[in-house]
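Both chains are given apart, each in its own frame, so use the hints to dock them into the complex.
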Amino acid sequence: MSRWAGHDEPAVIRLSADVARQLAHLPEGSDRSAELATHLTKFWERRMIRELVARVRAGEAGIDPLVVAAVHDVLAGQVDAEELREPSGG
Amino acid sequence: MSVNPLAPQRDLGTPAVGDDSTSTVTVTVDGTAVAVPAGTSVLRAAGLAGIEIPRACATDSLAAFGSCRLCLVEVDGVKGTPASCTTPCTDGMSVRTSTEQLRALRRGVMELYLSDHPTDCPGCARGSCDVQRLARECDVAEVRYGLGHTHVDEPRDESNPYFAYDPAACIVCSRCVRACGEIQGTFALTVQGRGFDSRITAGGTDFLGSECVSCGACVQACPTSALEEKSVVELGMPTRAVVTTCAYCGVGCSFRAEVQGEGTDTRVVRMVPWKDGKANEGHSCVKGRFAYGYAAHRDRQLQPMMRAGIDDPWRVVSWDEAIARVADGFRDIQRRHGVGAIGGISSSRCTNEEVYVVQKMVRAAFGNNNVDTCARVCHSPTGYGLNQAFGTSAGTQDFESVDHADVLLVIGANPTDAHPVFASRMKRRLRQGARLVVADPRRIDLVRSARVEAAYHLPVRPGTNVALVNALAHVVVTEGLHDQAFLDERCEGVAAYLDFIAGQEHSPEATEIVTGVPAADVRAAARLYAAGPSSAIYYGLGVTEHSQGSTMVMGMANLAMLCGMLGRPGVGVNPLRGQNNVQGSCDMGSFPHELPGYRHVSIPEVRAIYEGLWGVPIQATPGLRIPNMFDEAIGGSFVGLYVQGEDIAQSDPNTQHVHAALRAMELVVVQDLFLNETARFAHVFLPGTSFLEKDGTFTNAERRLGRVRPVMPSAVGKDEWQVVCEIATAMGYPMSYAAPADIMAEIAATTPTFAGVSHERLEREGSMQWPVPDTTSTGTPVMHVGGFVRGKGKLSQTVYVPTTERTTRRFPLILTTGRILSQYNVGAQTRRTPNSTWHPADVLEIHPSDAELRGIHDGDLVELASRVGSTTLRAVLSERMPPGVVYTTFHHPVTGANVVTTENSDWATNCPEYKVTAVQVTVATALETTRGVEADAAAVVAR
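Note that the protein sequences, when read in sequence, are chains Y and G. Everything in the first sequence is counted per my numbering, starting at 1 for the first residue and increasing by one. Everything in the second sequence is counted per my numbering, starting at 91 for the first residue and increasing by one.
So that you can see chain G by itself, here it is in the shape it has in the complex (with noise of 0.2 Å):
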């Protein structure tokens, strides 16, 4: 979907007006009748009607203002002449938007804002600054006021690495203000000052100073060139957009991508999110709307290469001889070791065509099952979780369902940093009056900040998670809040699981010692949750990345039962998934044991549809798990691994562990953007393409297909869909696609769950969210409405078990981990791009109690050491953290979090336990660094 970048997304001024309006009005606007629904502005009905009225502050994502007095309107049997933006309309409403009247009095407020405008303004003349358009509209010939003090001269807040604020273009419209709170939520921006003094500011400070958290909604919002995106006054205007989903989280935000130029020349100018973009309506966050430029990095590999040992230099090479050295090393490795010995991990940032073919690659070329996906270190909990309880292994609802909730129980996610589009909608309904529990070890942002403040903060200690959600469920059951008839009708193993949760040792005040959270604060939060009417649970990998992961998902799963809240908007259980496409590598077959669409490779009714289209015998037991993948490698049997688009080196745990299994390999073949952690164990390197330069889909959290739609051809010659089909045929099986759409067709005929889906289709819905059974299905946005997928909703008697990692003298902290807002996963991206300004580096955060015992100050380098590992970074004292506990992040490679992460997994699905490792912090002396990454990081810091 190519559209001219010269129209701007439609804007009719005002939002449209919500649900609960069920009655239509009719206006007549300059003579031409209008049914809108009741409280519609007449600016919005006027737009409706094809008519244009001028206006400088509002915005249809934004609630009307009436500030800039421009779409003033004259209404019969109203006096004066109101603003058309706060004006609703009334049924026989007759407006006249164009009289002689209104055009004198929006002539002289245009001339008020031309009297301080720069007559040479670059905005205006590239076209990004409404404000001369505006002037021709409103018919300005002249100022007639003379020079006097204007805002010209004012200096420009430079310190946003991507946007800056001119004054001089400054109309105080507040259109940014109100972007950064209503849309935002943050509440960074104010007018400072009044009257002609009147001037935006990002609290007092400059914005890389503020708490801007660099979304761009202001940048969106502003209408003239006072905010404006410093790639488009370096580069100028764009030439032609392409409407794609981001490559970040697993929010999945719409873009358009304003480019200059034409295939190999194509450059971005810039990333606008999509108003119709069903999962961000028009909203972005800093890494989707601006750090894209990782795409065109220096350090963006851009030719096949090979070596013969991993100490040896990189030698660039042809396709045709880096995939003869793929196919022949692993047919050579099979001949020798058993066909066992090789196998594949699929990208969760990749399309979900290009993961198909992989798993396809996998199973029908290498001939076994040995493929896995990042999910193993994620979500896999989820997946296995939600299918027990629910028979599906995905959320339950839509983005859209929390406008629905009255209640939000927040697990073991931190939103506002890694899922931030989405935080923002969910703020907005905490601001509308919906209620908060978290439940964190830390007191994350979500806990309070503007505008939102939880209701009770559980901070759970790490590992017991599970006891803590057998007490909330143990206070509905015994205190009589559960809903008996939704169990009776939808669940099954009701009486066994309501006997066992109400066993003492589940009660608040029995698991207190255990969770270290009040007794009464549970009851409390328990309380408000079943009170509902709608209450929705959302979680994170503060869930899943514990040895009790599955479990905890299928307590949560118990709860939500308990209270009926699941089959209808507001409800849910609702995994905020990581990656962009890590659902739709699951869904696509990435696991060992299951086909695409989530079925077990023994069934011999799937694997025959498969065989029948393929041509081969499909394994019947399962694959390799990526953690068995490691331990086999170390044990000799498994010594050819593909690795497309993940880190694993960096981002798996017991980072020697990693290693060791990466060494003991024969031919490692990475296929990346960049020589990553896991290139420096590789054999061949397969340049990979970067998001704007794939033709495929990604699904999100919400089960949401999007398009991903190419902005430019890919820069390394071929597809990734295409190397890896060029890889099996070379191993004897032969497979092609004529386009990515085929391999949509595939996938579509041959799994249940996607049988309606098309590229076709895409293009004409915009998105769908699976399942999407048949071609008569828009998808399916919430689930298990009337009854769940497996039939009966299943409660399981989810026993707490502690985990194995104990805190010792020796190691008496626990060390969690998570994400930031600016940097992404293993940084890969994030830290080729100016996102490096805001988090140029992991630090540990740590109690000041913890740190005064260790004589640890702010700042302090410090070592952070568990059983498996050692590493050093900086300490920064924050409360945020309870005693006993430290934090850090992964995102850069010098610091290597997981270097001290251990063999710790979900029982269920050796989801690494990432979020509980016990540790000892103490004062070092130097950084250690592995190689010079950190210098490279200053590097692009810097430029």
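Only chain Y is shown next, with the shape it has when bound in the complex (with noise of 0.2 Å):
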């Protein structure tokens, strides 16, 4: 469980939820959640997918429902591949 000193949030769902936010704003026609499930899978590591999964299997009150969907997407193997091999240098 990883969590910021002073913070009671913990970080994957934090983290998650600030992508989240961003892409929510995807134009109409946009698969919102494999965008995000691309997302992860192309920069997150494993160990941090893992405890997000586990929240979301858990029923964890807080998570954005668009991380839940993207968790499941991730689960099905539901990304972008082009779009993981795009440089993206950051």
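Residues of chain Y placed beyond 10 Å of chain G at every Cβ, according to the derived structure:
no., residue
1, A34
2, A54
3, R57
4, A61
5, G62
6, V68
7, H72
8, A76
Across the chosen pairs, the derived CB separations fall in these ranges:
no., chain 1, residue 1, chain 2, residue 2, range
9, G, A839, Y, Q78, 34 to 42 Å
10, G, L703, Y, E82, 23 to 31 Å
11, Y, G77, G, P973, 51 to 59 Å
Keep in mind that the hints were calculated from the coordinates and are not lab data. None of these values were measured; they are calculated from a predicted model. Each residue gets a CB set at the ideal place from its N, CA and C atoms; glycine is no exception.
Next up, the structure:
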């Protein structure tokens, strides 16, 4: 479990929510949960994803619904393989 | 490249004519014909013909002045004896440089100079003053003027810690005044008085009390010892020199390190800017020019040390013992906690070769991808955003491009402080007539300074950059100012983006309430940018260190694409990267998800390159970023860390969290010059090498690889890359190279963008800008010419999403942070030099209205508090800050600004949101110091 000193929200919940907050504004027709799943797969270390998955599976409160959907996409392997290969540099 | 320091860098007297000259003229100088571009001065043409005409006021870094009357010539068909520096060549001109008349005139002029020059001039004696040399060149045998009024007894100005002004030696050639204006752009100097009473003055006060920024341009320009480095006076002239690259900011200036002695007895006399350096063209700033003394500071640690616990005293050990401890410790951790329980942080101040071996050690020896770099906390959004938009995570132009810009849009950057040499170039372009728009909460110096004034200052509220850039783009599109042809030919997502940005929610009128920028100013700035013809965006950490840093980078890319401002000189999207090798550190695969060259670890054919060469499997999934390392450390799954040349305990946000993470680790290894804040939590300290001891390359903000040449051998007995290789070997992965050139050869062999790079080619070419795709390429100054690296430029719909960091009744102000000229990053280097004269402590800038509400007066001790912590520092009342925003720097650990910064970060890259922290400021009663560091700073200043 990873938390910031002085902040109660687990880091994986906070960080995934940050991404979800941005991707929620993708244009209509975008597969937002797949985009988020791709982002997690592309940038997150696997123990962080495992922790997030565990929290989603446990039905933990306070997890962004888009994050929940993205976790299911990660587990189903529904990520953009082409985007994974794109350089990101950051 | 070792050069003879007794041979000054070649000076042809006047600058080369610009690129506008397309015709050539032929002149004859003393019977020698020479063809030169039309407009070339006679003085320069003579120099090109191998004929040196004596001169005092002329130098090829400054426009001709014609005041010293030494460079006189005779020209057929021209009356009198014109000054050759101010006489342009015409076709067929015939010039004589050394007739009896001319020699007599020069003798007379030199006699006058000598009559007011000390006969025992120490500068002349040691060779740093040209007066005696000029006297010999002019055949002055005697000075016929008797003793009279002189300036030899006038007091010297010793106020500046690095150089002095001696009126006795001054010939009032005005080179210094012109250098301060033309090259540096500060205009701090002038000639005071008339005739014999003329003397150089720094605005009527001494140098230290003036606007002088101590760049050294005046010292560089001075032909006598009137302005001279104190180090030369103290140590004498150098005996050899090595050209190398500065280890401070991302400009990457070339310097000639002038030294005495050999081997371990080498000591630096001075650092002289190298004229052929493409990044700086002979200019410098106070840091690179003078603040090199930290490399020999008494705080420098030269021996490996170990301790059992972080509260135990350090014990000096041998290299073998230290490396064994590191290797055994990391392996033991992995046995107990798993392969992913350890990782490394590479340095943005070390060479490309050193960084490459660190990421190789992590991937091949550690067996994971837990490697990251300090770009995480500064320009990682640049990498993300520019890759998304253009396909390359680096700036699009070279520095020279600014010389062709008509409009400069500077966003979230303070180049006069953070990239001063480039700022000087920028200001020169502005004085030539280019227009300037500055988007920054603060009224930075660039908004209005000597002969520079921004057409528009957009004081954007911290955290609202995306709303502002969207408003600019909205104006461009809705007023039909966009370049549809460019969009149609070169971009994708055009129709959807145009529809998106035309929405009324993006209008300046709608966003004004969010950004705080008057709509009329936004409209005017947008029109100015779009009109160009060549408009360039320059930006810094005021863009990236936000929760929407990556989005903002894409927003700026959108704006540039909308207006067709890409793919040619004078335009572009230009990140001003902070550190000397932060670009290189990223390039070399320091990111946990990418191998060198920004190739994702999941790509099988890329992994195969390294697996084949390295002989081990590479993990196919991303590793931990720096913030993630801290989280997992507190969680107990990441407990071993190797830190190369970074002070995360001071530089990373939410200091308490970082300290808790470091404290939670079982083995922290720090490789650095000094026992820094991070070393307080270390179990093993490995002494590092300064840039003066390194052999390798740095990559600056314009993608330019420059050579870093060793001026002296390693002071610690090993090179840093050797230490890393030995750690890897001790961990069971044999790693060795014969020389850094071999490391670069491996980089070139495995990374397409560096395929044509080698130390040998860099020795020949001087420097090269990547991509260098093969050995026939000399590099790529301007990118995306004709097409983007990714094919079509991608327009992204950059929705403004406010930061979650909000002001409250408890924390009603916004803190933003930045840098100051004289200090650098965490101050580890500059605090150990006399640069602390200018900035001995971080202060809090606060608007007078905010101060008055709180009963705060200028100089008061105040508490700066946020929801995560508090610190105390001195307040400075300043109207540069808008009401509601306060500002401080982060150069001093004793005040530790990051005690108050939070966990908020860029959504895509986790770059910390340093620029937006809700705070409160109250009068404090006592300065709380974490350690006695402030006392140390005072001691440094006193030296």
